[in-house]
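Undergrad: Below are the chains, spelled out letter by letter.
2 protein chains.
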Amino acid sequence: MKNINAYAAKTKDSDLKPFNLDRREVLADDVKIDILYCGVCHSDIHTVRNDWGNSKYPVVPGHEIIGRVSEVGKNVSDFKEGDLVGVGCMVDSCQECASCKDDLEQYCENGFVGTYNGEDKHMGGHTYGGYSEMIVVDQKFVLRIPENLDTKAVAPLLCAGITTWSPLRQWNVKKGDKVGVIGLGGLGHMGVKFAHALGAHVVMITTSPSKAEDAKELGADEVLISKNEEEMKKHAGSFDFLLNTVPVGHDTNPYINLLKRDATMVLVGAIDSLGVHGGGLVMGRKRIAGSLIGGIKETQEMLDFCGKHNIVSDIEMIDIQNINEAYERVINSDVKYRFVIDMESLKN
Amino acid sequence: MKNINAYAAKTKDSDLKPFNLDRREVLADDVKIDILYCGVCHSDIHTVRNDWGNSKYPVVPGHEIIGRVSEVGKNVSDFKEGDLVGVGCMVDSCQECASCKDDLEQYCENGFVGTYNGEDKHMGGHTYGGYSEMIVVDQKFVLRIPENLDTKAVAPLLCAGITTWSPLRQWNVKKGDKVGVIGLGGLGHMGVKFAHALGAHVVMITTSPSKAEDAKELGADEVLISKNEEEMKKHAGSFDFLLNTVPVGHDTNPYINLLKRDATMVLVGAIDSLGVHGGGLVMGRKRIAGSLIGGIKETQEMLDFCGKHNIVSDIEMIDIQNINEAYERVINSDVKYRFVIDMESLKN
Numbered sequence: 001m002k003n004i005n006a007y008a009a010k011t012k013d014s015d016l017k018p019f020n021l022d023r024r025e026v027l028a029d030d031v032k033i034d035i036l037y038c039g040v041c042h043s044d045i046h047t048v049r050n051d052w053g054n055s056k057y058p059v060v061p062g063h064e065i066i067g068r069v070s071e072v073g074k075n076v077s078d079f080k081e082g083d084l085v086g087v088g089c090m091v092d093s094c095q096e097c098a099s100c101k102d103d104l105e106q107y108c109e110n111g112f113v114g115t116y117n118g119e120d121k122h123m124g125g126h127t128y129g130g131y132s133e134m135i136v137v138d139q140k141f142v143l144r145i146p147e148n149l150d151t152k153a154v155a156p157l158l159c160a161g162i163t164t165w166s167p168l169r170q171w172n173v174k175k176g177d178k179v180g181v182i183g184l185g186g187l188g189h190m191g192v193k194f195a196h197a198l199g200a201h202v203v204m205i206t207t208s209p210s211k212a213e214d215a216k217e218l219g220a221d222e223v224l225i226s227k228n229e230e231e232m233k234k235h236a237g238s239f240d241f242l243l244n245t246v247p248v249g250h251d252t253n254p255y256i257n258l259l260k261r262d263a264t265m266v267l268v269g270a271i272d273s274l275g276v277h278g279g280g281l282v283m284g285r286k287r288i289a290g291s292l293i294g295g296i297k298e299t300q301e302m303l304d305f306c307g308k309h310n311i312v313s314d315i316e317m318i319d320i321q322n323i324n325e326a327y328e329r330v331i332n333s334d335v336k337y338r339f340v341i342d343m344e345s346l347k348n
Numbered sequence: 001m002k003n004i005n006a007y008a009a010k011t012k013d014s015d016l017k018p019f020n021l022d023r024r025e026v027l028a029d030d031v032k033i034d035i036l037y038c039g040v041c042h043s044d045i046h047t048v049r050n051d052w053g054n055s056k057y058p059v060v061p062g063h064e065i066i067g068r069v070s071e072v073g074k075n076v077s078d079f080k081e082g083d084l085v086g087v088g089c090m091v092d093s094c095q096e097c098a099s100c101k102d103d104l105e106q107y108c109e110n111g112f113v114g115t116y117n118g119e120d121k122h123m124g125g126h127t128y129g130g131y132s133e134m135i136v137v138d139q140k141f142v143l144r145i146p147e148n149l150d151t152k153a154v155a156p157l158l159c160a161g162i163t164t165w166s167p168l169r170q171w172n173v174k175k176g177d178k179v180g181v182i183g184l185g186g187l188g189h190m191g192v193k194f195a196h197a198l199g200a201h202v203v204m205i206t207t208s209p210s211k212a213e214d215a216k217e218l219g220a221d222e223v224l225i226s227k228n229e230e231e232m233k234k235h236a237g238s239f240d241f242l243l244n245t246v247p248v249g250h251d252t253n254p255y256i257n258l259l260k261r262d263a264t265m266v267l268v269g270a271i272d273s274l275g276v277h278g279g280g281l282v283m284g285r286k287r288i289a290g291s292l293i294g295g296i297k298e299t300q301e302m303l304d305f306c307g308k309h310n311i312v313s314d315i316e317m318i319d320i321q322n323i324n325e326a327y328e329r330v331i332n333s334d335v336k337y338r339f340v341i342d343m344e345s346l347k348n
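Listed in order, the protein sequences are those of chains L and U.
Numbering-wise (UniProt numbering), the first sequence opens with residue 1 and increments by one.
Numbering-wise (UniProt numbering), the second sequence opens with residue 1 and increments by one.
Some clues are possibly wrong.
[As the list claims (entries may be wrong)] Derived pair list, reagent style DSBU-like, types lysine-lysine, alpha-carbon separation capped at 35 Å:
hint, chain 1, residue 1, chain 2, residue 2
1, U, LYS297, L, LYS233
2, U, LYS175, L, LYS101
3, L, LYS227, L, LYS216
4, L, LYS347, L, LYS140
5, U, LYS121, U, LYS12
6, L, LYS140, L, LYS121
7, U, LYS297, L, LYS234
8, U, LYS233, L, LYS121
9, U, LYS297, L, LYS260
FYI, nobody ran anything at the bench for these hints, they're computed from the structure.
Please work from the sequences and hints to get the whole structure.
TA: Quick look at the structure:
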């Protein structure tokens with residue numbers, strides 16, 4: 001066991017502050033990673049503030065982790081000291097259920113172990129995330145990061161990236177498809193980049209006309225203002241696929257109306273109650289589906305795709321000391337499009 | 001034009017009464033059918049009572065029509081006098097849009113013509129349905145009825161049958177699948193018969209323990225009482241497919257929880273607002289889809305399948321003079337499982 005520096009919230013209402021953290025020694029299948037960067041995901045804030053009612057304190061958030069390998073266990077041959085690697089939302093799963101065998105650890109029937117606030121099977125208690133100088137992770141959950149990319153801007157790919165990539169791939173979005181990305185935030189901006197890179201005709205669907213210019217720079221071919229009923233009517237029944245990144249419960253019916261017959265809207269953000277009218281689905285044999293992050297294998301595929309197509313996240317760098325202020329700005333959607341913590345600042 | 005006997009509602013609040021009806025002469029592509037039987041669908045009642053706000057009076061309902069060909073137009077070679085035929089929910093569509101070309105006339109992008117209360121392109125005004133001594137229909141919308149079946153019990157296949165058959169086929173329900181049919185009424189009882197005939201392990205999901213015995217007689221292997229939380233927990237995450245025939249808005253979340261990862265619940269009845277929690281879809285990459293009746297080609301396939309497997313609807317015969325009383329019983333779910341009108345009674 002080793003005592004290291006991290007940032008944690010001690011209670012639901014407290015700010016994040018410096019914290020001494022125990023990390024396990026490197027076991028046979030482990031990779032020890034010195035953390036360079038960690039992205040700030042809205043889930044971090046939900047967990048810190050116990051919005052989902054299942055937080056365990058102290059909470060050390062962070063599941064968009066980039067670092068370099070500093071040590072490997074004796075069974076590890078795919079990684080060596082100095083390798084640039086990443087860790088996303090999961091650090092373990094049962095490896096035995098149907099989902100794990102299908103490379104879909106995120107749906108592990110025995111429950112995957114979250115990078116933070118999961119059940120720590122090695123140390124007892126719960127897992128601690130990436131707002132920390134290092135992390136020790138089973139090799140099966142370590143991702144290889146292409147060296148040609150802007151390293152710090154890769155961090156958000158580990159959650160925001162794979163969350164949008166996975167449904168685009170599962171539903172076979174391809175060249176020429178008309179794809180709508182609903183909501184322009186951390187998830188939505190990655191959805192636009194990926195859908196564009198996959199050759200789709202990308203329509204950014206947003207309530208905010210002010211986001212039009214930005215959306216086009218990210219790769220959107222068109223911008224559709226969802227509050228404009230006339231514009232929404234013009235696009236009715238024309239979309240092959242909708243990626244819905246809205247992070248809260250909302251009325252889905254105006255979006256369902258945009259889908260072609262047999263087309264699908266995938267939810268990746270809203271885990272609350274939704275407005276859904278049965279008739280909208282019945283009349284065109286339309287579908288609403290969900291999608292949760294992505295498996296380790298497809299996360300590696302996404303990272304390799306990003307390396308090849310030079311895709312990273314648009315980020316704003318912060319020091320760990322500014323994390324509480326950054327949280328307020330995330331809540332106010334005042335970030336383009338993801339904060340990344342320079343973990344070097346932990347030494348300040 | 002020919003003046004014939006029918007039953008119609010003259011206003012939203014009136015009972016159905018005898019009515020003299022104009023039918024067009026037989027055109028080149030037409031088939032004239034002397035109606036033997038007509039099923040009573042809940043949509044008939046919704047239209048008679050203008051529940052959907054788009055009824056045109058007088059309403060002659062009926063879109064589960066069985067009869068014998070009495071005359072054919074000069075372009076008609078597939079049907080001849082004396083043939084046993086049926087007409088379902090549609091009597092026309094554009095034949096030119098993508099949906100029509102895909103044999104999915106029910107999703108015609110220019111709107112299919114309903115068997116009643118549709119826009120009558122030949123006579124002007126609106127179409128009149130099957131509570132009538134005869135009907136004249138374009139040959140493309142006439143179905144061939146297997147002669148080996150109990151003819152009067154075939155009528156409900158034209159709407160209740162195809163509405164449940166189409167999603168079971170679209171989602172490839174097959175031998176060994178665990179399939180839940182939610183709700184035991186006109187639609188649900190056909191869903192159980194079809195899923196059983198396709199080799200699935202069929203679970204009837206109902207709020208009413210009193211329906212257990214009947215469900216098993218129809219072909220259900222198990223009955224799951226949805227109000228029993230413990231039973232619902234035991235079946236969580238175990239269904240390959242759910243056919244939801246509940247005819248009104250409801251909370252879908254307890255059913256979504258029954259689905260396996262990547263599995264689908266199809267709605268065929270509820271065209272109102274539904275309770276849907278995004279998290280339930282996201283956590284197992286689950287799906288809700290809609291489905292509307294079925295195309296003419298797949299309706300013929302269903303009828304041929306029924307002929308081969310000796311499947312018909314469970315019915316209660318009535319005379320047309322009892323139609324208003326039958327409506328009350330449909331509304332109170334007091335029918336096993338479909339009323340069929342003996343159209344011979346029109347002559348009384």
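Undergrad: Next step is simple, just say for each hint if it's right about the structure.
TA: Now the hints, each set against the structure:
no., hint, in the structure
1, U/LYS297 / L/LYS233, "holds, 31 Å"
2, U/LYS175 / L/LYS101, "holds, 23 Å"
3, L/LYS227 / L/LYS216, "holds, 19 Å"
4, L/LYS347 / L/LYS140, "holds, 29 Å"
5, U/LYS121 / U/LYS12, "holds, 24 Å"
6, L/LYS140 / L/LYS121, "holds, 15 Å"
7, U/LYS297 / L/LYS234, "holds, 31 Å"
8, U/LYS233 / L/LYS121, "holds, 27 Å"
9, U/LYS297 / L/LYS260, "holds, 21 Å"
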